Amino acid sequence: MRKPGIGVNLCAHPDDTGMEYDPQELEERWRERWAETGRYEADPADAASDDDPTFITVPYPYPSGGMHIGHARTYTVPDVYARYRRQQGDNVLFPIAWHVTGTPIIGAVERLKKGEEKQLSVLRDTYDVPEDTLTDLETPMGFARYFIEQHYKQGMQSLGLSVDWRREFTTNDERYSKFITWQYETLRDRGLLEKGLHPVKYCTNEKQPVTTHDILEGEEAEFQEYTLVRFGHGDTVVPMATLRPETVRGVTNAYIAPDADYVYADVDGEQWFVSAAAVEKLQLQAHDVTVERRVSGAELVGERVTNPITGDDVLVLPADFVDPENATGVVMSVPAHSPDDYVALQEAKADDARMAEYGIDPADVDAIEPVPILSVEGYGEVPAQSAVEEAGITDSADPALEKATKDLYNKEFHAGRLNDDYGEFAGELVEDVRTRFRDAHRDEGAFGTMQEFSEDVVCRCGGDVVVAEQDTWFLRYNDEAWKQKAHRVVSEMDAIPENTRGEYDHTIDWLNEWPCIRNYGLGTRLPWDDDFVIEPLSDSTVYMAYYTIAHRLQDVPVDELDREFFDALFYGADAVDDAPDRALELREEWDYWYPVDYRFSANDLISNHLTFYLFHHAELFDRPQWPQGIVIMGMGLLEGEKMSSSKGHVVLPGKAIEEYGADTVRFFLLNSAEPWQDYDWRDDQVASVKNQLERFWNRADERIEAGAPDERPELEQEDRWLLSKLQQTVRDVTEAMEASETRSASQAAFYNFEEQLRWYRRRTETERPAARWTLQHVLETRLRLLAPFVPFLTNELHERLTGTPAEDAPWPDVDEEFEDDAVEASEAQIERLTEDIKGIQQSLANAEEDVPEADPDRIRITVAADWKRDVFHTVVEEGGNQGAVMGTVMQDPDLRERGNAVNDLVGELVDFVRGREESEVAALSELDEFAAYEAATAFLSREFDADVVLQLEGEDTDATKHAIPLRPAIELEADE
RNA sequence: GCGGGGGUGGCUGAGCCAGGCCAAAGGCGGCGGACUUAAGAUCCGCUCUCGUAGGAGUUCAUGGGUUCGAAUCCCAUCCCCCGCACCA
1 MRKPGIGVNL CAHPDDTGME YDPQELEERW RERWAETGRY EADPADAASD
51 DDPTFITVPY PYPSGGMHIG HARTYTVPDV YARYRRQQGD NVLFPIAWHV
101 TGTPIIGAVE RLKKGEEKQL SVLRDTYDVP EDTLTDLETP MGFARYFIEQ
151 HYKQGMQSLG LSVDWRREFT TNDERYSKFI TWQYETLRDR GLLEKGLHPV
201 KYCTNEKQPV TTHDILEGEE AEFQEYTLVR FGHGDTVVPM ATLRPETVRG
251 VTNAYIAPDA DYVYADVDGE QWFVSAAAVE KLQLQAHDVT VERRVSGAEL
301 VGERVTNPIT GDDVLVLPAD FVDPENATGV VMSVPAHSPD DYVALQEAKA
351 DDARMAEYGI DPADVDAIEP VPILSVEGYG EVPAQSAVEE AGITDSADPA
401 LEKATKDLYN KEFHAGRLND DYGEFAGELV EDVRTRFRDA HRDEGAFGTM
451 QEFSEDVVCR CGGDVVVAEQ DTWFLRYNDE AWKQKAHRVV SEMDAIPENT
501 RGEYDHTIDW LNEWPCIRNY GLGTRLPWDD DFVIEPLSDS TVYMAYYTIA
551 HRLQDVPVDE LDREFFDALF YGADAVDDAP DRALELREEW DYWYPVDYRF
601 SANDLISNHL TFYLFHHAEL FDRPQWPQGI VIMGMGLLEG EKMSSSKGHV
651 VLPGKAIEEY GADTVRFFLL NSAEPWQDYD WRDDQVASVK NQLERFWNRA
701 DERIEAGAPD ERPELEQEDR WLLSKLQQTV RDVTEAMEAS ETRSASQAAF
751 YNFEEQLRWY RRRTETERPA ARWTLQHVLE TRLRLLAPFV PFLTNELHER
801 LTGTPAEDAP WPDVDEEFED DAVEASEAQI ERLTEDIKGI QQSLANAEED
851 VPEADPDRIR ITVAADWKRD VFHTVVEEGG NQGAVMGTVM QDPDLRERGN
901 AVNDLVGELV DFVRGREESE VAALSELDEF AAYEAATAFL SREFDADVVL
951 QLEGEDTDAT KHAIPLRPAI ELEADE
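Residue 1 is where the first sequence starts when you use our numbering, and the numbers rise one by one after that.
What the hints contain is simulated information worked out from the structure, not anything from laboratory work.
Keep in mind that the hints are not guaranteed to be accurate.
[What the hints assert, rightly or not] 27 Å max Cα-Cα, derived DSS-like pairs, lysine-lysine:
no. : residue 1 : residue 2
1   : 113       : 201
2   : 153       : 207
3   : 485       : 411
4   : 349       : 406
5   : 485       : 113
6   : 195       : 118
7   : 655       : 118
8   : 153       : 483
9   : 118       : 642
10  : 195       : 207
11  : 647       : 114
12  : 113       : 207
13  : 153       : 655
14  : 113       : 647
15  : 118       : 483
16  : 114       : 195
17  : 153       : 485
18  : 690       : 642
19  : 655       : 642
20  : 195       : 483
21  : 349       : 403
22  : 153       : 118
23  : 485       : 195
24  : 690       : 655
25  : 113       : 153
For clarity, every value in this text was computed on a predicted model and none was experimentally measured.
Could you build all of it, start to finish, from the sequences and the hints given here?
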């Protein structure tokens, strides 16, 4: 497979020790090899007979634009897990497909066809679409196809994702639609779909529903449900819109814009008085409305209207702050609880002339007093009054008024308790009772409902967007039995990280009916009504099942893919009268792969897609086919900021790979944070990863060139130490991979082990045969551990080393033969001794005056005397209990004689033993300290360029420092 | 407001679940050295404060508490980020 270039290179430079790290060249070679051999195509037949296959999925990409580096990580994390499981011997399926359902692609095409600047710049500048290709993008599927092929697929292949490409499909494919049709017919039969009214965004100009993408202004607008309090004026209903229906008992008057247009209209057989602007909205919200008479607001001003709850008559006052465009254009005034209303009332009272102008007796206005209906801590009896007075607000133009109003609303909502007039609702918190209160009065006919946006919304066509009520089909996620089943899936699956489990449960509880169809868009038509399309979040709930058969379904004629076919496929031969053989054949594939072992997905999808996924699996499939696990992934930032394709603030995978190589990109994405944590793509960091990989490559290359004995030579302590550390690394990496902790795993295999190697190289002669054997063994193991992360580089090196690519070599096991606590303890002591000497040296070198010992000629190391060692053993036996140790030790007359010295020593040793692992303490207490240091004298001598004198305390020593076990006395000495 | 996550040394970012080996990994940046004609790359050392011997002091948002011992556990407070839908 090697390209001629390499061979030539080697021959032309026979002196070169090996190969330069050239990621572009070597990665391309492996890509070709994988494609040619179909390396990642997975079939049931590939499995060892008793094997449990692994099926992992990731949300299929939505190609309404190009792929950026954030997407790259989304797909690389599962790839690493897939590669890991393969090395563990599993038959692994990792498929991908394309989600095109809905309106975003259509919207993008529309904007392109209109020649919108912004859209053109995204396509040309951000995604480098060639000028002459732009016309291909003018159909929805043409657009999708371009980004699928030129961006996603290419990006994924460049990254080396181990995808089975035979199974790709789009959600607009006719076979897929048959599958969705089956799903929705089944759900309807089971009573989980329901027809009803639902608020949608509706453009009054285009006369059709619009999506967020069609909106020019007010994208953030929320639906607000106003309660209409049906005040009466003779036989006429005067519906007053409020967001606080519970304040109805505190209404003292009403307000109308006197100069605005109002109408008397027949609404569902009643006569209503509302603003002219409200007419169309009411019509759109499923009311029959016929305008009878147009009037100005002044018509009702000065009249009295009747509160449907209290029966009180209240005066209608003129007010310019009333917006006739909002809701019904008639509002009720609750001056005790709304600072706005309170101030407005004060101003009305002060303006006798204006009142008189509308034929209102100023005395009647003066008589209006706030009526408190709830009490809230921290405010006076009339909360609005205290709020206004405290803030020093005197007129309605004061900007502080808005804040005062908002604060009081909030406070009253969470802490206000309704007064005794509220009967069954009295004494309760507004927060707890508002909905119940509203519903109760709505049911008895005193209240109505109207939907309105929280701000003005304007369509891209320039038309006003309003709320319309439309007939639609809902998925009944509010169904109790269904919720229970979904909870059960959650309780039985693996939630990674574990703290997301509660979020699923929370979402399940909170989900309501979900409107699952739209008026237009790509995708599957509602089977029983062609006018509607099943929306994207609803056609993507069980598609993982489709992967298991997608490639083989191509051979089945579309019209055979009916209800029976899929019933037989998913539920077996007994589920239908006459099961098609084809379906039963495919059933084996489905049976083999399902369930999904892990789904890797984004954290913001918990609140919709992922929970839908759980709901639908819970309902449509049996328990053994339920999702086994979900791994949540964090968000990506670019140089500390959110990525945004419209601002051009993105990195494209193709460019990054060109610059750094796919292995570097992968390694950075997986090693900079755990999958569920947010990560930050920073160029300097990525460049540094490339350097590290290159250094790794160079070292490995030298190792391979240097060769090693076939037979294992006699190993030195240092070799045994390194091999022991290697076993711990294998253990750590494996454990981390099992928990999908890609960062911990790669950190342990790569960086942490580099630290060990650093000590090893410093400590020992690496050209010894035993060292070469050791290093080669270490390299081979590490290549396997790193293979899931950097497959190109490790495959190449491992193949050169052993003849087999790393990905085809089994995952390393811990080799107990090489686990050696004694050697680790001994080596740790030497390392510590080295550090201590260095510390002393440093301290002396820092001195203001010159201290000759800072550059010693001789280092005297004195190992603690045997009796101290005995005391240490006692400390170990007594488990670090100082009192018990002293008791035991003092029975020895020799020690008793030493009194205080023994006490001090025990204190230090107890301190040392506490907090250390028992196994470590055990190994240390077994250690022959003197022998350990003796074996390291040559090393120390070399390290400090000084003679090393090792002695035992109490011989003929004149050590001035005290030695204690495991802490020998150190003296630096300089000749005059 | 509700739900979730977080505040660590110049920056970034581990550690916290299972308290002690934590003055606290790694990376970046900075300083010094080796190599080099030189630069880069690479390698080695240093990078909270004080200190002429492996030490001491003060740190992990703030304030309390538990403990022989707290970055880690508990309580309170302040601040930051994300989601809250019918949209992928």
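Quick rundown of the hints versus the structure:
{"no.": "1", "hint": "113 with 201", "verdict": "holds, 24 Å"}
{"no.": "2", "hint": "153 with 207", "verdict": "violated, 39 Å"}
{"no.": "3", "hint": "485 with 411", "verdict": "violated, 38 Å"}
{"no.": "4", "hint": "349 with 406", "verdict": "holds, 24 Å"}
{"no.": "5", "hint": "485 with 113", "verdict": "violated, 47 Å"}
{"no.": "6", "hint": "195 with 118", "verdict": "violated, 39 Å"}
{"no.": "7", "hint": "655 with 118", "verdict": "holds, 22 Å"}
{"no.": "8", "hint": "153 with 483", "verdict": "violated, 37 Å"}
{"no.": "9", "hint": "118 with 642", "verdict": "holds, 19 Å"}
{"no.": "10", "hint": "195 with 207", "verdict": "holds, 22 Å"}
{"no.": "11", "hint": "647 with 114", "verdict": "holds, 20 Å"}
{"no.": "12", "hint": "113 with 207", "verdict": "holds, 21 Å"}
{"no.": "13", "hint": "153 with 655", "verdict": "holds, 15 Å"}
{"no.": "14", "hint": "113 with 647", "verdict": "holds, 20 Å"}
{"no.": "15", "hint": "118 with 483", "verdict": "violated, 43 Å"}
{"no.": "16", "hint": "114 with 195", "verdict": "violated, 36 Å"}
{"no.": "17", "hint": "153 with 485", "verdict": "violated, 37 Å"}
{"no.": "18", "hint": "690 with 642", "verdict": "holds, 24 Å"}
{"no.": "19", "hint": "655 with 642", "verdict": "holds, 19 Å"}
{"no.": "20", "hint": "195 with 483", "verdict": "holds, 19 Å"}
{"no.": "21", "hint": "349 with 403", "verdict": "holds, 23 Å"}
{"no.": "22", "hint": "153 with 118", "verdict": "holds, 25 Å"}
{"no.": "23", "hint": "485 with 195", "verdict": "holds, 23 Å"}
{"no.": "24", "hint": "690 with 655", "verdict": "holds, 15 Å"}
{"no.": "25", "hint": "113 with 153", "verdict": "holds, 25 Å"}
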